Amino acid sequence: MRRLPLATGAALAIFTLAAPLFLERGTLNDVWNLAFAVILASAWNILGGFAGQVSLGYSVFLGIGAYTTVLLSLKGVNPFWTLPLGAVLAVLFSVLIGLPAFRLRGPYFTIATIGVGEAVRVTAASASFTGGSSGLRMPAGSFDFTINYEAMAVLAIVTVAVAAWVKRSAFGHALAAIRQDIDAAEALGVGSTRFKLAAHALSAALVALAGSLYAINFQYIAPGSVFDFRLSLSIVLMPIVGGVGTVAGPVLGAIVFSTLQIKLLAIPALRDSYLFIYGALLILVMLYEPRGLFGLARRLASRLRRRPAPPPEATRAL
Amino acid sequence: MPSEALLSVRGVTKRFGGLTALYDVSFDVAPGEIFGVIGPNGAGKTTLFSCLVGAQTPTSGEIRFRGERLNGLSTNAAVRRGLVRTHQIVRPFRDMTVEENVSIGAHFGAGKRRGADARRRVADVLGRMGLSARAGALAGTLPIGDLKRLEIARALATEPACLCLDEVMGGLNPAEIGAAMTLVSEIRASGVTVLMIEHHIHAVAGVTDRVLVLNFGEKIAEGPPHDVLKDPAVVTAYIGDDEEAAS
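Top to bottom, those sequences are chains A and B.
16 is the number of the first residue of the first sequence in my numbering; add one for each residue after it.
2 is the number of the first residue of the second sequence in my numbering; add one for each residue after it.
Isolated chain A (complex conformation) (with noise of 0.2 Å):
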């Protein structure tokens, strides 16, 4: 039983690589997307999920990557060797907004980092360099889409393998206990400031390796893309909607989002509504199944695995 998630994530991550070989180019794009999207959910999860500090400022480090890319490619860096750079650059950020928002608990760190992206989505809207909010593109020259996508698939799945070290790990203990009593980790010795700085750096460095592959496949980025608050809200919808704080979930979230935005955006009717259908799905599994479509899975399958015998809950219903 314990073999079944890894083996359907060894059969997704070598589906996901070899997809080139027999799928079109349109279907391509749609499973690009959907690599892209896990990378957000699952990278999010690490600190938003497993440390329980909810930050709707992820849109940031995807914005980091992209531009870091895009100027070092303008002055005639080859793009790929751009990527560690903005990693680097991410973490250095994370920690510099970390130590400050850290000290703030629940909702007020989740207000403080809304602040944050804003401030940096208008800094990089108004600042020369960044070529304000008409954006920048990638200077000309060859760009392989199979190379990208490629890239893409294995940080989808360096992503998600990172992520199920990490739950597995002390470390990723030391975050569940941050999650459930922060008072009560620290009086046992954990360095909580310590922990969710290092997890907001690992996230951020991930997402912001996603966000100089994006740059590199749309050739075009702008503060109103990248840097967006619907973004970054995006990038919370999915792991809550999949599954908070496992490492299936935000798979299963990123899945069902944006293949739910493929579709949604294909209905003119339908392009600018898109935001209120999430939001219609984001109360749904709140209020019905705090733990996602992965907790709902579950509890159908053990359920299912106990129809023979007579269910042990009917005495418990009460």
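Please keep in mind that the hints were generated in silico from the structure rather than gathered at the bench.
No experiment lies behind these values; they were computed from the predicted model shown.
Heads up, the beta-carbon is just placed ideally off N, CA and C, and yes, glycines get one too.
Treat the hints with caution; some may be incorrect.
Result set (EDC-like, lysine to aspartate or glutamate): computed pairs, CA atoms no more than 16 Å apart in a straight line [as the list claims (entries may be wrong)]:
id: 1; chain 1: A; residue 1: LYS182; chain 2: B; residue 2: ASP96
id: 2; chain 1: B; residue 1: LYS220; chain 2: B; residue 2: ASP232
id: 3; chain 1: B; residue 1: LYS113; chain 2: B; residue 2: GLU101
id: 4; chain 1: B; residue 1: LYS220; chain 2: B; residue 2: ASP96
id: 5; chain 1: B; residue 1: LYS220; chain 2: B; residue 2: ASP25
id: 6; chain 1: A; residue 1: LYS182; chain 2: B; residue 2: GLU101
Label pairs and their computed distance ranges (CB to CB) [as the list claims (entries may be wrong)]:
id: 7; chain 1: B; residue 1: GLY141; chain 2: A; residue 2: GLY121; range: 19 to 27 Å
id: 8; chain 1: A; residue 1: LEU111; chain 2: B; residue 2: GLY141; range: 33 to 41 Å
id: 9; chain 1: B; residue 1: GLY131; chain 2: A; residue 2: LEU311; range: 35 to 43 Å
id: 10; chain 1: A; residue 1: ILE129; chain 2: B; residue 2: ARG11; range: 14 to 22 Å
id: 11; chain 1: A; residue 1: ILE298; chain 2: B; residue 2: GLU177; range: 42 to 50 Å
id: 12; chain 1: A; residue 1: ALA134; chain 2: B; residue 2: ARG16; range: 55 to 63 Å
id: 13; chain 1: B; residue 1: SER61; chain 2: A; residue 2: GLY147; range: 52 to 60 Å
id: 14; chain 1: A; residue 1: SER317; chain 2: B; residue 2: ARG120; range: 24 to 32 Å
id: 15; chain 1: B; residue 1: GLY146; chain 2: A; residue 2: MET301; range: 28 to 36 Å
id: 16; chain 1: B; residue 1: ALA176; chain 2: A; residue 2: MET301; range: 53 to 61 Å
id: 17; chain 1: A; residue 1: LEU297; chain 2: B; residue 2: ASN42; range: 44 to 52 Å
id: 18; chain 1: A; residue 1: LEU19; chain 2: B; residue 2: ARG16; range: 56 to 64 Å
id: 19; chain 1: B; residue 1: ARG120; chain 2: A; residue 2: SER149; range: 56 to 64 Å
id: 20; chain 1: A; residue 1: ILE126; chain 2: B; residue 2: GLY18; range: 21 to 29 Å
Position chain B relative to chain A; hints supplied.
Using the frame of chain A, we list chain B on its own:
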């Protein structure tokens, strides 16, 4: 004795705005001692406790642990130096098993154990606290008696030099108080110094070497429990608390 004290509190005062919660409190706890801090409600016991384990910084005065100044050090840093506390109202990680709860202490406390080494420590502590049979149970499903032992087990797993117990006797019946006193003696026998804060004098009298009595934030007596209990100032302080005044 001051030179060899494990924990040394010198002239500690704590003010919250205009309220003086602690005034000029001094005492020493020697290694291997069971030291009690008692006093009526609002005497400043909890404030003293918070100053010791880092949640509060004293307004003035000094707290030294193994010769090192603790004022202003964070709670987690104090734990890693061997000074750990329990909470009067238990605070288990409810979504973790009993074993995982205890392993947090083993991983991140003064022992900083990993892997098999940490698992051995956890199994040892669970055995000593009579929780082995509950190792795999989610903490949220335990009855209160087990939760109280889990609270102490987690603290012990950090491998403290000094364990600070916050009213562990509170809400226990006489038989349970007897068992708790045995447990405290066993903890001391394993080489851990114990500082316990209690509301009820008699619960502590049987197990402590020395007690300190606080009243309105000030020290009114210190010494072996049976001498302190006869102290007129202590008797006066407890009048109105009918259970204690009756004795």
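A quick look at each hint next to the structure:
1. Straight-line distance between C-alpha atoms of LYS182(A) and ASP96(B) comes to about 14 Å, which keeps the hinted pair within the 16 Å bound.
2. A hinted pair counts as satisfied when its Cα atoms are at most 16 Å apart, and LYS220(B) with ASP232(B) qualifies at roughly 13 Å.
3. Using a Cα cut-off of 16 Å, the hinted pair LYS113(B) and GLU101(B) holds, with the two alpha carbons roughly 15 Å apart.
4. Distance restraint check for LYS220(B) and ASP96(B): the Cα-Cα separation of roughly 41 Å exceeds the 16 Å cut-off, and the hinted pair is therefore not satisfied.
5. Restraint check for LYS220(B) and ASP25(B): the C-alpha separation of about 8 Å stays at or below 16 Å, so the hint holds.
6. The hinted pair formed by LYS182(A) and GLU101(B) meets the criterion: a straight-line CA distance of about 13 Å does not exceed 16 Å.
7. For GLY141(B) and GLY121(A), the hinted distance range of 19 to 27 Å is satisfied, since their beta carbons lie about 20 Å from each other.
8. Here the CB-CB span from LEU111(A) to GLY141(B) is close to 37 Å, well matched to the stated 33 to 41 Å.
9. Checked against the given bound of 35 to 43 Å, the beta carbons of GLY131(B) and LEU311(A), roughly 38 Å apart, stay inside it.
10. The hinted window of 14 to 22 Å between ILE129(A) and ARG11(B) is violated, with their beta carbons roughly 46 Å apart.
11. A beta carbon spacing of about 46 Å between ILE298(A) and GLU177(B) agrees with the range 42 to 50 Å that was offered as a hint.
12. For ALA134(A) paired with ARG16(B), a C-beta distance near 38 Å fails the hint of 55 to 63 Å.
13. A C-beta distance of roughly 55 Å is found between SER61(B) and GLY147(A), which places it inside the suggested range of 52 to 60 Å.
14. Our hint of 24 to 32 Å for SER317(A) and ARG120(B) holds, since their Cβ atoms are close to 28 Å apart.
15. Distance hint check for GLY146(B) and MET301(A): the Cβ-Cβ separation is about 35 Å, which falls inside the suggested range of 28 to 36 Å.
16. Separation of ALA176(B) from MET301(A) is about 45 Å and departs from the stated range, judged on CB atoms against 53 to 61 Å.
17. At roughly 46 Å, the beta carbons of LEU297(A) and ASN42(B) sit within the given window of 44 to 52 Å.
18. In this structure the hint that LEU19(A) and ARG16(B) lie 56 to 64 Å apart at CB holds, the actual value being about 59 Å.
19. One distance hint, 56 to 64 Å for the beta-carbon pair ARG120(B) and SER149(A), holds here, with the actual separation near 59 Å.
20. A hinted range of 21 to 29 Å for the beta carbons of ILE126(A) and GLY18(B) is consistent with their spacing of about 28 Å.
The structure does not agree with the numbered hints 4, 10, 12 and 16 stated previously, though it agrees with the rest.
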